[in-house]
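Student: Okay, here's what each chain looks like letter by letter:
There are 2 protein chains.
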Amino acid sequence: MISFPHLADIVRKNDAKIIMLVISGMGSAPDPVLGRTELEAARIPNLDHIAQQSSGGLTIPVSPGIAPGGVGSNLALLGYDPIIHASGRGAIEALGLGMTMESGDVALHGNLAVVDSDGIVVDRRAGAIPTTTAAPLMAKLKAITLPGVDVEVVAGVGHRFSVRLRGKELTGGASDTDPYEDRLAAQSSSATAKGGEATADAINAFSNQAAEALVGEALANAVLLRGASTMPELASFNDSYALNAAGISSFPLYVGVAKATGMTTYPVDDAFESHITAIREHWDDHDFFWLHYREPSTTAGIRDFNEKKRALERVDLHVRELIDLQPDVLVIAGDVSNPPGSIGHSWHAVPFVIRSAGTFADSGVVRFNERDLRSGSLGQFEAKHAMMLTLAHAGKLKQFGA
Amino acid sequence: MISFPHLADIVRKNDAKIIMLVISGMGSAPDPVLGRTELEAARIPNLDHIAQQSSGGLTIPVSPGIAPGGVGSNLALLGYDPIIHASGRGAIEALGLGMTMESGDVALHGNLAVVDSDGIVVDRRAGAIPTTTAAPLMAKLKAITLPGVDVEVVAGVGHRFSVRLRGKELTGGASDTDPYEDRLAAQSSSATAKGGEATADAINAFSNQAAEALVGEALANAVLLRGASTMPELASFNDSYALNAAGISSFPLYVGVAKATGMTTYPVDDAFESHITAIREHWDDHDFFWLHYREPSTTAGIRDFNEKKRALERVDLHVRELIDLQPDVLVIAGDVSNPPGSIGHSWHAVPFVIRSAGTFADSGVVRFNERDLRSGSLGQFEAKHAMMLTLAHAGKLKQFGA
Numbered sequence: 001m002i003s004f005p006h007l008a009d010i011v012r013k014n015d016a017k018i019i020m021l022v023i024s025g026m027g028s029a030p031d032p033v034l035g036r037t038e039l040e041a042a043r044i045p046n047l048d049h050i051a052q053q054s055s056g057g058l059t060i061p062v063s064p065g066i067a068p069g070g071v072g073s074n075l076a077l078l079g080y081d082p083i084i085h086a087s088g089r090g091a092i093e094a095l096g097l098g099m100t101m102e103s104g105d106v107a108l109h110g111n112l113a114v115v116d117s118d119g120i121v122v123d124r125r126a127g128a129i130p131t132t133t134a135a136p137l138m139a140k141l142k143a144i145t146l147p148g149v150d151v152e153v154v155a156g157v158g159h160r161f162s163v164r165l166r167g168k169e170l171t172g173g174a175s176d177t178d179p180y181e182d183r184l185a186a187q188s189s190s191a192t193a194k195g196g197e198a199t200a201d202a203i204n205a206f207s208n209q210a211a212e213a214l215v216g217e218a219l220a221n222a223v224l225l226r227g228a229s230t231m232p233e234l235a236s237f238n239d240s241y242a243l244n245a246a247g248i249s250s251f252p253l254y255v256g257v258a259k260a261t262g263m264t265t266y267p268v269d270d271a272f273e274s275h276i277t278a279i280r281e282h283w284d285d286h287d288f289f290w291l292h293y294r295e296p297s298t299t300a301g302i303r304d305f306n307e308k309k310r311a312l313e314r315v316d317l318h319v320r321e322l323i324d325l326q327p328d329v330l331v332i333a334g335d336v337s338n339p340p341g342s343i344g345h346s347w348h349a350v351p352f353v354i355r356s357a358g359t360f361a362d363s364g365v366v367r368f369n370e371r372d373l374r375s376g377s378l379g380q381f382e383a384k385h386a387m388m389l390t391l392a393h394a395g396k397l398k399q400f401g402a
Numbered sequence: 001m002i003s004f005p006h007l008a009d010i011v012r013k014n015d016a017k018i019i020m021l022v023i024s025g026m027g028s029a030p031d032p033v034l035g036r037t038e039l040e041a042a043r044i045p046n047l048d049h050i051a052q053q054s055s056g057g058l059t060i061p062v063s064p065g066i067a068p069g070g071v072g073s074n075l076a077l078l079g080y081d082p083i084i085h086a087s088g089r090g091a092i093e094a095l096g097l098g099m100t101m102e103s104g105d106v107a108l109h110g111n112l113a114v115v116d117s118d119g120i121v122v123d124r125r126a127g128a129i130p131t132t133t134a135a136p137l138m139a140k141l142k143a144i145t146l147p148g149v150d151v152e153v154v155a156g157v158g159h160r161f162s163v164r165l166r167g168k169e170l171t172g173g174a175s176d177t178d179p180y181e182d183r184l185a186a187q188s189s190s191a192t193a194k195g196g197e198a199t200a201d202a203i204n205a206f207s208n209q210a211a212e213a214l215v216g217e218a219l220a221n222a223v224l225l226r227g228a229s230t231m232p233e234l235a236s237f238n239d240s241y242a243l244n245a246a247g248i249s250s251f252p253l254y255v256g257v258a259k260a261t262g263m264t265t266y267p268v269d270d271a272f273e274s275h276i277t278a279i280r281e282h283w284d285d286h287d288f289f290w291l292h293y294r295e296p297s298t299t300a301g302i303r304d305f306n307e308k309k310r311a312l313e314r315v316d317l318h319v320r321e322l323i324d325l326q327p328d329v330l331v332i333a334g335d336v337s338n339p340p341g342s343i344g345h346s347w348h349a350v351p352f353v354i355r356s357a358g359t360f361a362d363s364g365v366v367r368f369n370e371r372d373l374r375s376g377s378l379g380q381f382e383a384k385h386a387m388m389l390t391l392a393h394a395g396k397l398k399q400f401g402a
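Just so you know, the sequences run in chain order D and G. The letter at position 68 of the first sequence is residue 68 when you use my numbering, and the numbering goes up by one with no holes. The letter at position 338 of the second sequence is residue 338 when you use my numbering, and the numbering goes up by one with no holes.
Some clues are possibly wrong.
Given that identical chains are not distinguished, each listed pair holds provided it fits within a single copy or across any two copies.
Using 27 Å as the maximum straight-line C-alpha spacing, the simulated BS3-like pairs for lysine-lysine come out as follows [unchecked claim]:
no., residue 1, residue 2
1, Lys17, Lys142
2, Lys168, Lys13
3, Lys194, Lys398
4, Lys194, Lys168
5, Lys13, Lys194
6, Lys398, Lys17
7, Lys140, Lys194
8, Lys194, Lys142
9, Lys398, Lys168
10, Lys398, Lys140
11, Lys13, Lys398
12, Lys142, Lys13
Calculated directly from the structure, the hints in this document are not laboratory data.
Just chain D, same shape as in the assembly (with noise of 0.2 Å):
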C-alpha cells in the first residue's frame, strides 16, 4: 500500500527523471571513542557540495526507535507503508535470485552453516565460504528432495541461498531455524499462525535432510533458515506513480524488492561503478532509476568502522556522474541506520537530500551527514513520505483538493 492514500488523484506524468540512490546502511550514531559518524569521518566533498546545492533532512526509517529490517526501510523510501510491508523477506530474495513465485509458495532464506555435536551454532556464515568454493554445498542442497513438498535451492552469494517450499497448505507461518547468534542453539521450527504445521514440518524435514547431506564437509555442516514467507501483495510502483522505473542493485533482496514493485532489473555487481555503468547504459528507457548500493551496509555488519568509511568515500568519487547525465530530480538517502558498536540496523535518522532545478541551497547545511542535515529546510521526517517529496520536486504531483 502506498502511504499516500489519494495519491491516484494528484499523480501527474510528465517527462522529468528521477535518480534516487540508497547507499545502505549509511546512516549512524557517533562512534564512542571517536565522537565521530562515518559519513563525518569521510572525505566525501562531492556529497557536501551536492548537500549545500540541495534541500535536506533526515529520514526515520519507520517511526522513532525503531530499527528495521532490509525490506521494510526500501520498501518505506518507495512509498510503502513500512509497518505494513515489513515481512515477505524469504519470498522477496528468492524472487531476487530468479526464482520464479507462484501464489501459495513460500521462501526462506538459508545460510550455510557449522554446528557442534550438541547442535549449537558455531559459526552462523560457515566462514563467510565465498561463493564459489560453497558451490559444491549448494549442489548437495538442491538434490533435497521433500515428500508431498517440491524444493527449490537458489544459490545468493558465499554463504546465502534460498529455498521454495511448494505444496498443499504451506503458509508463511513458521518459525526461524536461524538463532541469529553463533553460541545458541539452533532451532526447530514451530508454527507461529494457525496453519504454519505443514511449513514447520518441511522447515525441519529440509534441516535434517541437509545436516545428512553436509556430513563429513570441511566447511558446513548445516543449514539456519529464516523469514518464511509467502509473496507479499504490493501496489505495482509504475502504475501507482505513472513512472517507468528500473531497479539496480547487486544483491539479491534489493533486486527482489525491485522485482516485487514491479521494477525493470538490471544486473550489476557490488563496485558503485558498475550500478553507474547500468544506469548509463538504460538512461534513455527508464524516468526512475532506483539505484540500491549495498557495501556500506556490508562492511558496517561486520561494524568496521573505517571499511564502512571507505565504502562511502568510493560512492562520493562517482557520484559526480550521475549528476553528469542531468537528472532533473536526485535523491540522495539510506535505507537505514548503522552505528558503530552496534549489531545491526539501529533507529537512527539517516540522511536524505534532494537536488533539483527547483530546490535551493539550505542555509547552513555545509557537510553531507547526520549533524548537519539536522538544520536542512526538509526537517525530520519519515522515510514513507520520500517518495511524495521525490515527485514533489519532479513536478509530478498536482494540487491535493480544491
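Could you slot chain G onto chain D? The hints should help.
Tutor: Just chain G now, kept in the frame of chain D:
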C-alpha cells in the same frame, strides 16, 4: 473529524482568549535569483519581535510533498484532518457567499471566462473583471432555469460566482468544466463516481445556457465550473473545543470554512486593518478569533514577489494592534506556501509561532521567516496539530491519560 481522537476527554473551558491569525500563502521557498523568500526580503520588525518572544516552528500543511488546496490547509489549522477533509470547496464557498445549503444540494465554483469559437479557453478569469462590471453578466446567469433542477447563482468577487443545484439524485461526483489553464479546451462534465450522471448533465446544461445568455457580451462569453460538492460533514468547532469562535475573512471560501465549522462570521473587506477592526469590535463576544488574511496568497497567485512582500509588510504594520488586545494566546500561522515561480500552492513548510504568557523566547530565532523558524522549539509538525498546541498554551487541555 478533529485530528486528536480523545479530545473530548481532555478539553477544558476557561476564560483564556485566543487569536489565530492565518496569513494566507505566507510560506515560500527562496526565489531562484534573489536566494530569499518574501518573508526573508520583507521589512517586518514587529513580526520578528513576536517570533523572538514566541515558541516557533514550521507547519507541514498536509504531509511532506503534498501541496494542498485552500479548504484542506485551513481546516488542518483548525484541527480537522486534511486528508479526510480535502474536498467540498464548491459547497463551502457557496455557504460563504450566503447560500443556504441543504442536505443533497450540490454547489460549484464558477468563473466568467472568455472562450474562442473552438471551445479553447482564452482567459479563465475574463480579464479579472471588477465586481461591479461583472454584475450585469451575473444577472444573466441568475435568470437561468433548468428542468427538474432548482438553480441558484450568487455573485462572488470579480469574475467569481457560486452556483447551487438542488434536485433529486444530485451528488458531488461530477467532473469540472474548468481546464485550470488558459489555452486548453473547456471540458464537458461527466460522472466521476457512481450516480454522478444527473449532476454532470445539470452542469453541462447550465454551461450551455450560460453561453447562450452571454452571446454578444464583450467581456465574457462562457462560464467555467469546478469543485462540484455537497456540504462536507464537519464536527462543530465550538462543541469540539469548548470555544465560542468568530471567523473573520473577506474571502467567500474562508467565510465558508468558518461557517461550515460553526463559527460566527463578521463581514470585512480585503484590507488587513478591516480584519483588526472586526476583532476589536467583537472582542468581548468570543474567546477564539480566526483571522484569515487572504492578500499575500492572492498576490502570490500572480507570482509577484514584491506584491507578496508588501502584503506581508502590511500585516507587520498592524500586527501589534492584536497584541494590544491582550489575547492570552496569539498564534500566527500560514495555510500554504506560494513560492515565487510556482503556479500555485506548494508543499513547503510554513512559519508558525505561538505567543502566550507561558511561552519563552526560542533561542536562535531572530526573524520571522522559513529559515529562522526551522530551529524553533516546535520543530516541523503537521498543521493538523496546531489547534492542540494552541489549546495547550491557553490552558484549555487537561492531562491525557492517568
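Student: Are the hints correct? Go through all of them and say.
Tutor: Consistency of the hints with the structure:
no., hint, in the structure
1, Lys17 to Lys142, "neither (42 Å within a copy, 48 Å between copies)"
2, Lys168 to Lys13, "neither (43 Å within a copy, 37 Å between copies)"
3, Lys194 to Lys398, "between (45 Å within a copy, 24 Å between copies)"
4, Lys194 to Lys168, "within (15 Å within a copy, 41 Å between copies)"
5, Lys13 to Lys194, "between (44 Å within a copy, 26 Å between copies)"
6, Lys398 to Lys17, "within (17 Å within a copy, 38 Å between copies)"
7, Lys140 to Lys194, "neither (32 Å within a copy, 59 Å between copies)"
8, Lys194 to Lys142, "neither (29 Å within a copy, 54 Å between copies)"
9, Lys398 to Lys168, "neither (47 Å within a copy, 32 Å between copies)"
10, Lys398 to Lys140, "neither (55 Å within a copy, 34 Å between copies)"
11, Lys13 to Lys398, "within (10 Å within a copy, 41 Å between copies)"
12, Lys142 to Lys13, "neither (45 Å within a copy, 39 Å between copies)"
The structure shown violates the earlier hints numbered 1, 2, 7, 8, 9, 10, 12.
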